[in-house]
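So the protein sequences, as listed, match chains Y and B.
Take the first sequence: its letters are residues 1 to 313, numbered as in my numbering.
Take the second sequence: its letters are residues 1 to 326, numbered as in my numbering.
Quick caveat, the hints were computed from the structure, so don't treat them as lab data.
Be careful, since some hints might not be right.
Unchecked claim - Computed cross-link-like contacts, EDC-like style, restricted to lysine to aspartate or glutamate with a CA-CA straight-line distance of at most 20 Å:
#, chain 1, residue 1, chain 2, residue 2
1, Y, 20, B, 325
2, Y, 125, B, 142
3, Y, 102, B, 325
4, B, 33, Y, 206
5, B, 23, Y, 132
6, Y, 67, B, 37
7, Y, 125, B, 37
Next come the chains, spelled out residue by residue.
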Amino acid sequence: MTSYAIQTSALVKTYGIGSKATRAVDGLNLNVPEGSIYGLLGRNSAGKTTTIRMAMGLAHPTSGDIKVFGLNPARDPERVTVLRQVGYVPEDKMLAALSPRKLLELNRNFYPETWSDDLARKVIKRLELPLDTAFIKLSLGNKTKSALACAIAQRSRLLILDEPTTGLDPIALDELLRLLVEDCTAPIGDKPRTIFLSSHQLAEIEQIADHIGIMDRGRILLEGPLDDIRSSFRRLTVTGAALPTTHPGILSIRQQAHATQYILQSAPEAFAQDLIANGATIVESNPMSLNEIFLELCRTSESTAADREEEFA
Amino acid sequence: MIASLGLSFLIFLFPLVAAGVWKIVSIQRTAAKAERDALPFIPAPQPGPASLGGLPPARRVFLMQHLKVAGYLYAMMAWTIAFILTLPLFTLGSGNSAKWFNHSAYFWYSFITGATHSTQFLSIMVLFSAIAVIMPMRFGPEARFYRTRPIPISFVFWTKVLSVLTAMIAGAATGIALAFAILVALEGPIWHNLPVIIPRILGPDDADVAQLYASLLVTSAPSIFLSIITTIALFFSAVLFLGTAPVLRVRSNAALPLLMVPAAFVPFAIDIISNHSNGGTPHFFRTLYIYLSLGPPPPLAYALIPIALAAICITCARLFTNHQEI
Numbered sequence: 001m002t003s004y005a006i007q008t009s010a011l012v013k014t015y016g017i018g019s020k021a022t023r024a025v026d027g028l029n030l031n032v033p034e035g036s037i038y039g040l041l042g043r044n045s046a047g048k049t050t051t052i053r054m055a056m057g058l059a060h061p062t063s064g065d066i067k068v069f070g071l072n073p074a075r076d077p078e079r080v081t082v083l084r085q086v087g088y089v090p091e092d093k094m095l096a097a098l099s100p101r102k103l104l105e106l107n108r109n110f111y112p113e114t115w116s117d118d119l120a121r122k123v124i125k126r127l128e129l130p131l132d133t134a135f136i137k138l139s140l141g142n143k144t145k146s147a148l149a150c151a152i153a154q155r156s157r158l159l160i161l162d163e164p165t166t167g168l169d170p171i172a173l174d175e176l177l178r179l180l181v182e183d184c185t186a187p188i189g190d191k192p193r194t195i196f197l198s199s200h201q202l203a204e205i206e207q208i209a210d211h212i213g214i215m216d217r218g219r220i221l222l223e224g225p226l227d228d229i230r231s232s233f234r235r236l237t238v239t240g241a242a243l244p245t246t247h248p249g250i251l252s253i254r255q256q257a258h259a260t261q262y263i264l265q266s267a268p269e270a271f272a273q274d275l276i277a278n279g280a281t282i283v284e285s286n287p288m289s290l291n292e293i294f295l296e297l298c299r300t301s302e303s304t305a306a307d308r309e310e311e312f313a
Numbered sequence: 001m002i003a004s005l006g007l008s009f010l011i012f013l014f015p016l017v018a019a020g021v022w023k024i025v026s027i028q029r030t031a032a033k034a035e036r037d038a039l040p041f042i043p044a045p046q047p048g049p050a051s052l053g054g055l056p057p058a059r060r061v062f063l064m065q066h067l068k069v070a071g072y073l074y075a076m077m078a079w080t081i082a083f084i085l086t087l088p089l090f091t092l093g094s095g096n097s098a099k100w101f102n103h104s105a106y107f108w109y110s111f112i113t114g115a116t117h118s119t120q121f122l123s124i125m126v127l128f129s130a131i132a133v134i135m136p137m138r139f140g141p142e143a144r145f146y147r148t149r150p151i152p153i154s155f156v157f158w159t160k161v162l163s164v165l166t167a168m169i170a171g172a173a174t175g176i177a178l179a180f181a182i183l184v185a186l187e188g189p190i191w192h193n194l195p196v197i198i199p200r201i202l203g204p205d206d207a208d209v210a211q212l213y214a215s216l217l218v219t220s221a222p223s224i225f226l227s228i229i230t231t232i233a234l235f236f237s238a239v240l241f242l243g244t245a246p247v248l249r250v251r252s253n254a255a256l257p258l259l260m261v262p263a264a265f266v267p268f269a270i271d272i273i274s275n276h277s278n279g280g281t282p283h284f285f286r287t288l289y290i291y292l293s294l295g296p297p298p299p300l301a302y303a304l305i306p307i308a309l310a311a312i313c314i315t316c317a318r319l320f321t322n323h324q325e326i
């Protein structure tokens, strides 16, 4: 049975009241398996940071449920048990207004059972973190590195990284991705370790994530193992008469000059065989990159939302 | 008179500013040296005092940090109270001491008046201390840092609130004791040398002095000092209550500083109200055991009212923090 590091069910978070109320998270069902590197993708204001804030107990759900290791992260004493096992890098990378050395020294006191000075030194070296620069003189990239060094050296069961690559140069980014894979995934004892990172930078997520969730407008559009997602999405360019317009596997259809383009989100082989059996000709059949899948899902979600709003109006 | 007050204020500020500048310079020097030396990350272990040995390391670190800050606040409060109470002793002669019939009476009057006036000044310190407690629990990197470390919210709350409140009350008590020690060292126990009736040498032109002296005779110094302590607790907890109240959370966190600014005008409001109450302490303030001017003290039992209100406000603030979002 799969156990989950983070699990949400019908999670809703509303900000504001009355006519100014905004649903930042709108019925979110998220399942982050333990031992995975889970990339939460979404556009700006998709609800990623709000979801993470609720997972860290910094915000409380309006309704629905969020569990971290099966515990409520918003209520003591469960909250303390959760936080003992979680490393966190916030979106703005500001953990405390301290130099990196002071921050690391302070932070290590909170995790005496798991903290590793050796790992802290490794991260400092690999990311070239200036240890004694005053907080106000730190660049955004160095604030990011400082927060990352703290979170990684904690050797937690779960790393929650909100836009962890903000401000990093390509070399530091590459080092970070290596560090995450090399030093943050090996189980501690019999407990697997999970990395949950949010981003709208798809290329970096694609490099390391094995599970993906795509969010838009506070909802999850797609979730699952990255390999399964890649194999289930396909772009077919087809010519022929009486081509189908509805099918459970079709995500979108576009009419081109002399052909029809299908974006399929499940069972593309079976759909292709059906088309051929009905006399259609498949001109092109291409796998889709994560970037293309993301764009297609967001566009479809946007048009669906617009249709819904029109209907409502 | 203004020049004398200005000089007094400078004398008051000097040790505080000097200590602050010294601290900033020493921090900057240490940081610059560390940056130059580029030392590797070899943190020293942090053994806490033996008395805190039973606490988990995370809580011990948090507590130690706050006890350090409380130490500074304690020193500042003690200095402020001692300064306010003893200031008149060093500036006598600039006023109308010649009209007073008795040296001890005038010294005692000046000392006690300083104590009654201290409420307004102290309330500013208390308000800013309360805001300094609330802000790092609600806003900014510090709030988020501690809220995402494995420490119970209740521990964070009580550590912050009790360390600051205790430091202020203990600082006030120390300041009062220090001021008394200075008074006794300079003048002896002058409160024993006050004539119990108004001397006949006071003529019709000295009616104001006669009235002040009559008020002085019924003024209770212990009640004034108790009032300073209960007022500190009351103001502090009231601001804590306001700053953590859910009504502020519904809107924006940015609303908190804006709502706190009017609170800083409370001392001035107190001053205005007390000036329009014919010299005595207004009844409302007496009920809250706020002793603002010479005259008979409020009944001692009234001291329980601000203490009870403070306890209620702090308890509510504690409940509010459970639901606070950062």
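Structure-based check of all given hints:
1. Y:20 <-> B:325: holds, 19 Å
2. Y:125 <-> B:142: This hinted pair is violated, its Cα atoms lying about 26 Å apart.
3. Y:102 <-> B:325: violated, 26 Å
4. B:33 <-> Y:206: violated, 42 Å
5. B:23 <-> Y:132: holds, 18 Å
6. Y:67 <-> B:37: Roughly 46 Å separates the two Cα atoms, so the pair is violated.
7. Y:125 <-> B:37: holds, 16 Å
Of the hints listed earlier, those the structure fails to meet are numbers 2, 3, 4, 6, in rising order.
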